Structure formats: structure tokens, C-alpha cells
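S.K.: With chain S's structure known, arrange chain P on it following the hints.
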Amino acid sequence: MSVTSPGLFSAYTPHSTAWDELFSRDSAPHAHCKTLHDRLGQLLVPDFLAKRAGADMAFVNQGITFSVYSDMRGVEKIFPFDLIPRPVPGAEWDRIEQGLEQRIAALNAFLLDVYHDQRILKEGRIPADLVLGSKGFRKEMIGFTPPGKQYVHICGTDLIRDHHGQFLVLEDNGRTPSGVSYVLENRAVMKKVFPHLFQDCHVRRVEDYPQQLREALMSVAPDGAESPPTVVLLSPGPYNSAYFEHSFLARHMGIELVLGQDLFVDHETVYLKTTRGPEKVDVIYRRLDDDFLDPEAFRPDSLLGVPGLFRAYRAGNVTLANAVGTGVADDKAVYPYVEEMIRFYLDAEPILRNVPTYICARPDDLNYTVNHLAELVVKAVNESGGYGMLMGPWSTVAQQNEFRTKILDNPRNYIAQPVVSLSTCPTWTEEGLAPRHVDLRPYIVSGRSTWVLPGGLTRTALVKGSLVVNSSQGGGSKDTWVLENGL
Amino acid sequence: MISRVAEHCFWLARYLERAENTARILEVNQTLLLDFHVPLQQQWLPLLIISGIHEYKGDPNSEAVQNFMTWDLDNPFSILSSLHWARENARIIRETISAEMWERTNYYHLWLQSQVCRDMYNYNRGEFYAQIRRINQLIHGICDATMSHGEAWEFFQLGRYLERASQTARILDVKYHILLPTLDDVGTPVDNAHWVAILMSCSGYEPFHKTQRIIADPAIAVAEFLIFDPLFPRSIHHCLTDCQRALRCLGTENFTEAERKLGALVAWLDGQTIANVISSGLHETLTHAVDSIHAIGHSIHNSYFDVEYAAPLDDHWQWQWQI
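Chains S and P, in that order, give the protein sequences.
Here our numbering is used: position 225 in the first sequence is 225, and no number is missing along the way.
Here our numbering is used: position 207 in the second sequence is 207, and no number is missing along the way.
Derived by calculation from the structure, the hints in this document are not laboratory data.
No experiment lies behind these values; they were computed from the predicted model shown.
Even glycine gets a Cβ: it sits at the ideal position worked out from N, Cα and C.
One or more hints might be untrue.
As the list claims (entries may be wrong) - To spell it out: a stretch of chain P is covered by chain S in this simulated footprint if at least three of its residues, at any positions, have a beta carbon under 8 Å from a beta carbon of chain S; those stretches are:
(1) 2 to 10
(2) 100 to 110
As the list claims (entries may be wrong) - Residues of chain P placed beyond 12 Å of chain S at every Cβ, according to the derived structure:
(3) His-37
(4) Glu-55
(5) Gly-58
(6) Glu-63
(7) Gly-126
(8) His-149
(9) Ala-152
(10) Val-190
(11) Pro-233
(12) Thr-252
(13) Lys-261
Bound-form chain S, shown alone (with noise of 0.2 Å):
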């Protein structure tokens, strides 16, 4: 670090393993960086601290929030926004492009595949038990081709970068995923903040999304629909966490936000019930987990969903997106096949690798898991969100021998993986600015073709040494620079 900087940096170490976004191993900024690092860095502590503390004010008056308990009166929170944006280069980024749009090519193949001919399991490259046996697998999809053949509209796939800097999938998110809004809103509000730095710096647009997520929906209403099909959002309420996303989104995409009691399906139609009656709907993005979307299909007890949804899907007068049982895509016990699939229906070698992972499905990873728990990351392939985690080098005897009973108890609900030291970015805290360990969630957005979002929400662990960013386990949010003079 330039001892003659006397702004932002100048008190900066980074992580003494781990990549750091902003600064190579000698200290200087990646070529990439310049320009951010020297006009950031030209900020007194200050004068940093009097916009952030802008930006929080802008987040609480906007109610940019989300809620914690799901009662009336529920805590709202906003989600902690760190104001040193996370740079991605623009030639690093096409290639990061490439390979998602490589993977979800590969995961539609596959979900048209299990719910077809099943070949990729009659050839025995993936166990047919593993996708046979997911909770996410939807036998009643069997045979049904959704409009475009498309299944996984919207997907959130996350990415880390381990110590080499190499980019790898932690995982796929192809059910509901959410934290879009918060890219575009933190987007929003670094443009007020940093006006000058934005023009110096040629960040590439993300403000595009809600268009495109829209024209994707309509490019897959059914064959009848009218023109333009009616397409609404259908959220679980405003008592959900994710509330405020849902309402986001409608806004921007100029469609209705529904909840459940607004639909009624007859005659295996859907329809918008509106101060003028019946209204027919063409296509569903909807917010709300397959268990809930229709009582008479799946959990009887949903009150969220729409009885005849399903009825109405099957008979193609609706597009849901993302289509029903695409959650055996995304089960973390099917993830390390995701590879095998790209090589199996693309005939290509996959352009992003996935985290190398244990599945404790197998006799030999089984065996290797339970006697390495304290240098493994273990995960329960069910659960979301930080939830049913052992982290190995950070965890008790006690832990590791809980996780040890669980895991043989029922090995199919786990896999394992090696510890991957996560990127750092700087990252305000209450020592300064320190690094803090960063993933990247790019959105996939697919209807008749593909379209990535350039960036994504960049989540910070906000406690030192934390590798887990989730928002429901303390982690914040920071904007993504996809820069276009990069490298």
C-alpha cells in the first residue's frame, strides 16, 4: 500500500490467504481496480462514514427491508449494505457468462430428460436412485413438456473464488431464488452516492433485469394465449420474507402481484379475480415452493396456493415459472453430477467446476466424510440458507460427533465438501476497513434464450473469519462492478 495515500486504503490488510477482490498479493490493486482503488481511495474515513451513512437512511426510508419473524408486527431489518463495491473484470465476467449459461443449458437438458426418457440415468451417469429418491424429483411432471421446453426460468447460481482466484459453483438455485431486488436497489443507491465514480469506472448496466425477466416470461405463455399474455407474479404474502422483492419486482416488470385467494382456476383455466370479474392469466412467476402451490396436487393444507394450479399446468393453459420439480436439479446431492450432465446433453467440457464434493451416497465418500469432519464443510442436501451446516475446522468434538450420527443415520441427505477459503473483499466493519469473506450470486434468466445479469448480488460475511454470507445468518450485501475496461 502507497504510504502517501492518506484516504480510505491506507490502513488495509488483506486476508493472508484468501483472494482478495481488490488487491494482488503485492499489495498494489489488480490492474482492474485502478481506477476504483484511486478515486475510492481518495476519500477521508469521514467523509466515507457520511455516505454511508446515507446509504442506510436511503434503505430505511425506502423500507427496504426484510422481515425476520413472520408475525404482524414482525421485526423489519434492513439488509446490512457495505459500500465498497466487489469488481469483476469484464473479460473475467464474459467467460463466467459463458459457463452459466453453459450450466443451465445443461440443467434444462437434464430436467427434460428425468421427466422424459431418463436416459442420462439408463446410462448409469448419475445414480437413478439419487434423482429417483430427491424430494425435489415431481413424479407428477412425468411426461409434461413445459411451453419452450424451458424449466428453469430464473435461476441464482453461487459462485465463489478460492485462493488461486479460480471462480467455482458453490451451488444452483433453480426453485424460487430470490435477492435480485437488493442488486438493483444497492445499485440504485451507489449511484446516488457515487455518482462520478460510476462514470470513471464503466460499470455495466444491471438495471436491464426487470425487462428482461418480463420479455423471458411472455416469449413462454402457452400457445392460445392472447397477445400480450397476461403475466402476474404470485407471492406467498406480505408476511414472507421476501415481500418486499416480490412487490420490487412487480413494480419494475408493470405486472400485477398476486397472492393465492386472488386466483381461482375453472374449466383448468386460471383466472384473476378483479373488481370487474374473471380475468384470464397466461403465465405465473411465482414465489411460492412447489409443496405450496396447489392443495389439491400437493400439500393439502397450503392455504398460499391456488386449488386446480397444477390441473390447469398440466393441461398447458398456464405457464408456471419456474416450472414445477425443478428442485431435483438443484439438490445438493445431484450438484456434482451438474458436471457430468454439461459433458452427458452438450457434448462440452464444463467452462465453470464445481467445488469438489463428497457424497455420502457412496460407501467411499461416506467413509471418507465421517473420519475427515473436522477439515469438511458438511451440508444437509435439503436445507437452505446456512441451516443443517457443520463447518469441520471451526467446529466442537461434540458437533462432529452429532453430525457423525446424522450422517450415518441417513447418509443420502448429505454431501461434503473441503473447505474452500472464499475471496475477501474490503469490507467496513467496526475496525475499519477489513477484509470479510464474499460469494457472488449471478441471475440466469431464460425464456426462449438466455440472458445473465452482469454482476449479481455480491454477499459479505460481516463477522471476521465467517465464511457463511447468508442474509438470515448476519451477512450483508454489496454491489457487483462487472468493470468494462477490465482485464
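M.R.: Frame of chain S, contents of chain P only:
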């Protein structure tokens, strides 16, 4: 538009209007009590009755009742409750209202929780009530200027004017409940001061005096103005005809139950003169108006928000919606 969303629009406007009028009622009562002494039981408890609260168990004194009507979240008519539910309705239909409307609604929700706001209540009560009035005025202004004047906006108008009609009737009724000590006090400066206070609490002082009437009896003139005036935007008649206009704009080919009931109330008012009203009792007339408005609210619910739906019979539907 979606029936559920329409209902949230309607209630968002009602809660905002209700908060404003609760502030007006508290303010006018405080002003009325400044000029002469009435027994404690008659000072603040009548306000609860006209707000429809019959089971108040708290202290009857000024501070206790004002606290109850301002801050008590368990009291569905308190200012805080009204603004809480206004904000909750707004939050649910954030994609329908304009971003500016939401931001202001949320801003005042946060303001109400701040120490600045408590201090204003404690040390400058009049300014506090004025600020509460301005919340509704501001959000309505933003609404008018930033939202398309389509269905959502019409439901907003409907909620606003229906609530206001009912509240003007209630404010006027305050005078009935604060009895003058003796008949000899009728027409005295104190009595006249009360009518002025009622007018001011409805922002009607200047418009009233600009009507250039010969004021023989302020009681009659003020009541006539607040019930019948065709131009003053807070008169009961004006509010009800605004509701009629909104319902027509939302119109279906056939009159809804809500429109029929509203039409009946307006026709009834049109058939009255202030002399009739006084002779059959001002309080009785106002009570009839409040009850009718309440029933109209129910009909609006049945006609627009909670309709039995039947699907169109064929693809090429020309579906006529019958209530």
C-alpha cells in the same frame, strides 16, 4: 384491478383520513374546553363515544384520553393504529401506489416512532395534531400528482370521501355531547366560540364566512354549512357526491348495491332542509348519516372486494357481472 388490491387502496385512504380526523377531533375538543368548565365526565369521554368506543376502562382525564386516542395500538381508532394500518396497507400494495407515496407513508411511520415526535406531542400538542393532519394532506397530494387517475386512484378517492363524510358528521356531533351548562348559555359568546372551533377543526372557518349568508343563528348556519354546502370539500353532502362520482367511474353497467345505498342517502339528504334537521334533532340526523355510511361501507365490500366469482362460460366471453 384485483379485488384484494382495490380493498387495500380503499382502506389505505380511510386509515389516513381517519388519522387526520382523529387529530381534528382531539384538537377541537381541547379548544372547546379552554373557554369554560364542564364536569370531567363530559370533557373527553364523549369523544370516545362518537368514535364508536363504548368500553373504555381508562381514566377519564384529558391526558389519559388523548394518550389512548393517539398512541394506543390496541385501540383501533387511535392515530397510531390508523397510521400503522395505513402503512401496512400501503406496504402490501407497494407495487400499485407510487414510489413517492410509499416513501412518505413509510417516512411518517418511522417518524411516529422517533423521540422528535414524542417531544412534539409532549411540548407542542397543537403542532403535533397539525402535523398529523398534514400527513394525510401530503400523501393525498402526492397520490393525486403521481398516480394515474385510474381504478386504484378511484378506490383511494372513495375511501377518502366516505371516511371524511362520516368524520365530519362525528365532529359536528361533538357539540351535541358537550352540553352547555344552562339553556341561558345558548347563543352566548361561549356558545358562538364553540361553533367557530367546530368550523376551524374542519378547516371551514374561512369558506364559511365567504358564503356571505346572514347569520341569524350560528348553530344553524354552521350545521347547514357542514351538512349541505355543495362546494365545501368537507361537507357531508359534498363528500357523498364525491363518493358517487368515484363509484360511477368504477362503474359497471348496472348499479351495485353500494351505489344504490349511496344514492338513497344522498336523495334523503337532498330532501332535507336545515329546518327539518333541527326540528327532528341534529344529533339524530347525524347518527342516521353515520349509520348509513357504515352500511354503505359494507356494501362496497360486498360489491367490489368480496364477490362470488364464476368463470366465463366460453373462451370468447362477454361476461356481465351481476351483483
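S.K.: Each hint needs a verdict: does it hold in this structure or not?
M.R.: Going through the hints against the structure:
Counting residues of the region 2 to 10 of chain P whose C-beta lies closer than 8 Å to any C-beta of chain S gives 5; at least three are required, and the coverage claim holds. Against chain S, the region 100 to 110 of chain P contributes 5 residues with a C-beta closer than 8 Å to a partner C-beta. That satisfies the three-residue criterion, and the hint holds. Every CB of chain S lies more than 12 Å from the CB of P/His-37, the least distance being 41 Å, so the non-interface label holds. With 12 Å as the threshold on Cβ separation, the claim that P/Glu-55 sits away from chain S holds: the shortest Cβ distance comes to roughly 23 Å.
In this structure P/Gly-58 is separated from chain S by more than 12 Å, as the shortest Cβ-Cβ distance comes to about 22 Å. Distance check for P/Glu-63 against chain S: the nearest CB is about 26 Å away, which clears 12 Å, and the non-interface claim stands. Every CB of chain S lies more than 12 Å from the CB of P/Gly-126, the least distance being 27 Å, so the non-interface label holds. The claim that P/His-149 lies off the interface holds: its Cβ sits roughly 16 Å from the closest Cβ of chain S, which is beyond the 12 Å cut-off.
Not every Cβ of chain S is farther than 12 Å from the Cβ of P/Ala-152; the closest lies at roughly 10 Å, contradicting the non-interface assignment. Once the 12 Å rule is applied to beta carbons, P/Val-190 is consistent with being away from chain S; the minimum gap is 45 Å. Every beta carbon of chain S lies more than 12 Å from that of P/Pro-233, the smallest distance being close to 26 Å; the non-interface claim holds. In this structure P/Thr-252 is not separated from chain S by more than 12 Å, as the shortest Cβ-Cβ distance comes to only about 7 Å.
Taking the minimum C-beta to C-beta distance to chain S, about 18 Å, the non-interface status of P/Lys-261 holds against the 12 Å cut.
Consistency note: the structure conflicts with the earlier hints numbered 9 and 12.
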